[in-house]
Each structure stands twice: as C-alpha cells, then as structure tokens.
Amino acid sequence: MKPVFRALIPLAIFLVVAGFLFKGLFLNPKEVPSPLIDKPAPQFDLPRLDDPTKTFSPKDMLGKVWMLNAWASWCSTCRTEHAVLMEIMKMPELNLVGLNYKDTDAEAQTVLSTAGNPYQLVVTDSDGKVGIDYGVVATPETYLIDKAGIIRYKKIGAITREDAYTEIIPMIKELQK
Amino acid sequence: MKKWLIVLWLALASFSVLANEASPLAQDPEIEARLKDMSHELRCLVCQNQTLADSDALLAQDLRREIRLQMQEGKSNQEVMDYLVSRYGDFVRYRPPLKSSTVLLWLGPFVLLLAGGVGLFIQLRRRQKMTTEVPLSAEEARKISELLDKES
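The listed protein sequences derive, respectively, from chains Y and V. Numbers 2 to 178, taken from this note's numbering, label the letters of the first sequence in order. Numbers 8 to 159, taken from this note's numbering, label the letters of the second sequence in order.
Because the hints were derived from the structure by calculation, they are not lab data. Predicted model, so just to flag it, every value in this text is computed and none were measured. Note that CB positions come from ideal geometry on N, CA and C, so glycine has one too. Take these hints with a grain of salt, some might be off.
[To be verified] Derived pair list, reagent style DSS-like, types lysine-lysine, alpha-carbon separation capped at 25 Å:
1) Lys148/Y / Lys174/Y
2) Lys106/V / Lys31/Y
3) Lys82/V / Lys40/Y
4) Lys136/V / Lys3/Y
[Claimed, not checked] Quick look at which bits of chain Y chain V covers, simulated, 3 or more residues with Cβ under 8 Å:
5) 90-97
6) 129-137
[Claimed, not checked] Using C-beta positions, here's what the derived DEER-type ranges look like:
7) Pro34/Y / Ala40/V: 26 to 34 Å
8) Phe27/Y / Gln34/V: 45 to 53 Å
9) Leu114/V / Asp39/Y: 53 to 61 Å
10) Ala19/Y / Ile129/V: 25 to 33 Å
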C-alpha cells in the first residue's frame, strides 16, 4: 500500500464515525420500535367518557379497521395533533377511538367541547393501566388495528398532516380491502 | 361555633383517610425487595438514561405499581420481565439481551480491541525488522570517540 493511502486510513475511519454520529443527531430517541406490531391488540374493558355506565372493549371493533389514540387534556402535543385529527376525521371510513390517558373526565370533556370531538368514542384509562398494556410512554400515541384485531402500525408523538395523508390513510384503505 | 369546629375537624380527619389510600400497595418486604432489585434492571422510558429505580417520573411510578401488582399475583421476576418486554420492547431492559440484533453492540468493542491489538502487533513487528543493528565501522567509531573527547 502506498504511504499516501496509509496516511488516509485514520481520516477515513474518522469520517465513517462522524457520519454515524451526524445521522444520530437527527434521530428521535423517543421513537422506540413497538414490539406490539403484528400482535393482537391487548384486550381491555374501560368505561366510556360520554357514559361511564357503558364500557368499550377492542372486541367491539372486530371486523373494522380502527385507530386507538392515547391522549390527555394535560398533554400539549395532543392539542397540536387534535387539529389534524379533527381534519382527517371528516373522512367517513375512519374509526377513531380515544384512550383518555391518566386524565379526569371533567377536563377531558372540556377539551372535547371546546376544541371539538374527533373521536367516535372515548374510553377513560384514569390510572394508566391500559396504557402500560399498550406500551404507552408519552401521549400522544396512536395504534392502527386491523379487522382481525391485530396492531399494524404505531405512531409515537403527534400525527402530522403529512403522516396522515402519506402513511396512515393509505394504510387504512389498504387494510379495508 | 362548636358546629363549625366539628365540620373543620371532620374535614381534616378526611385528609388522613385519603393519605392512607395513597400509601404503597404492598407492604410485603419480600415483594418490595424484589421490586427494588428489578427496577435497577429496567429503564425509565420517559427519562431514557435512568433506571426505573432512580426515576420519579409518573410512568415510572405506574410501572412500579404494575410490577408490584403482578408480583402480588404470584408472577416470577422472569414473567414480569417478559410482560414488560412484550409491551415496551427490549429497550425497557437496562442491559440489552444478547441476540442476533444486538451482537454487534455486545461484541463490537471486543472486535475493535482485537483489531487494534493485532494492528499494533503487526506494526511493532515491522518496526523491529526495520531497526536491525548495524555494527559501527572503524571510521565511525573513531569519529564518535573524537566527538566525545571534544565535548569533555
């Protein structure tokens, strides 16, 4: 090997390491891949926000493609997402269930009555137990569940318009076939 | 006045009732010890570089409560760990398990160390070859002693 090339080896190693570190700067450490993808959605039976005497269970949605969106009134990112949800929920084929995570019914209801309600129904997970079952780390998190009750996709953090139109809605249409 | 004092007393008394409710679910020292051991092995997912034992985040509290509950139901440490991994993935473990996707993580440093060692060894051997001792010629020996004499 020519000495010139040999002298360049440390530089090459440095560039490779720097390249990896540079890419690392743009990764979101909160985005941890969910082990629940392609697994059955964990079952639960939770009271509904609109009528706590009634309960809802994922079984009720068998045969439908639906989304479960964990949110809370104290979560500011959820408010940003709320606007996007309001917009996409105008599409009739979408079924959105809210999982009101560690919140009080009164505060959750205030959000829905002032900012609008994109949800078909909302269930209350006041102690966050179902949240743990779904591996919720921080709201908002959204799960896309297919007709057979299998989780097919998970979004950590707020759904943006771009996520909705380029990823989620096409996926829902595909799953509904 | 007396009536109000009674109301006040009742109101204050109700606080202590509430405080009792908020106390830890398990007082079983064995479970608490297991929980403590285990929470050093688990990651607080909100504050990612802390263990569950070090964290006071709300999620960490909930996770500890969940672990405690499952232990009270008679689950073994392994079963509780499997449950958490099935929900949060391997990331929940503070020490990632050794498997195909983490081999590089575990063995990478040793591979680098080995490569560095081999490289160093080869380099040193090569240098050793380059510096073969050449005996001084008579002329050189004379020059050296001349120089040394001059110095002193």
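Status of the hints after comparison with the structure:
Simply put, Lys148/Y and Lys174/Y have alpha-carbon atoms about 12 Å apart, close enough for the 25 Å limit, and the pair holds. The straight-line distance between the Cα atoms of Lys106/V and Lys31/Y is roughly 22 Å, inside the 25 Å bound, and the hint therefore holds. Between Lys82/V and Lys40/Y the alpha-carbon distance is near 22 Å, which keeps this suggested pair within the 25 Å criterion. Taken as a hint, the Lys136/V and Lys3/Y pair is honoured in the structure, with Cα atoms around 19 Å apart against an allowance of 25 Å.
Counting residues of the stretch 90-97 of chain Y whose CB lies closer than 8 Å to any CB of chain V gives 0, which falls below the minimum of 3, so the coverage claim is violated. Given as covered by chain V, the stretch 129-137 of chain Y passes the check, having 7 residues with a CB less than 8 Å from a CB of that chain where 3 are the minimum. A hinted range of 26 to 34 Å for the beta carbons of Pro34/Y and Ala40/V is consistent with their spacing of about 33 Å. For Phe27/Y and Gln34/V, the hinted distance range of 45 to 53 Å is satisfied, since their beta carbons lie about 48 Å from each other.
For the pair Leu114/V and Asp39/Y, the beta carbons lie near 29 Å from each other, so the given range of 53 to 61 Å is not met. Checked against the hint of 25 to 33 Å, the C-beta distance between Ala19/Y and Ile129/V comes to roughly 26 Å, which is consistent with it.
Consistency note: the structure conflicts with the earlier hints numbered 5 and 9.
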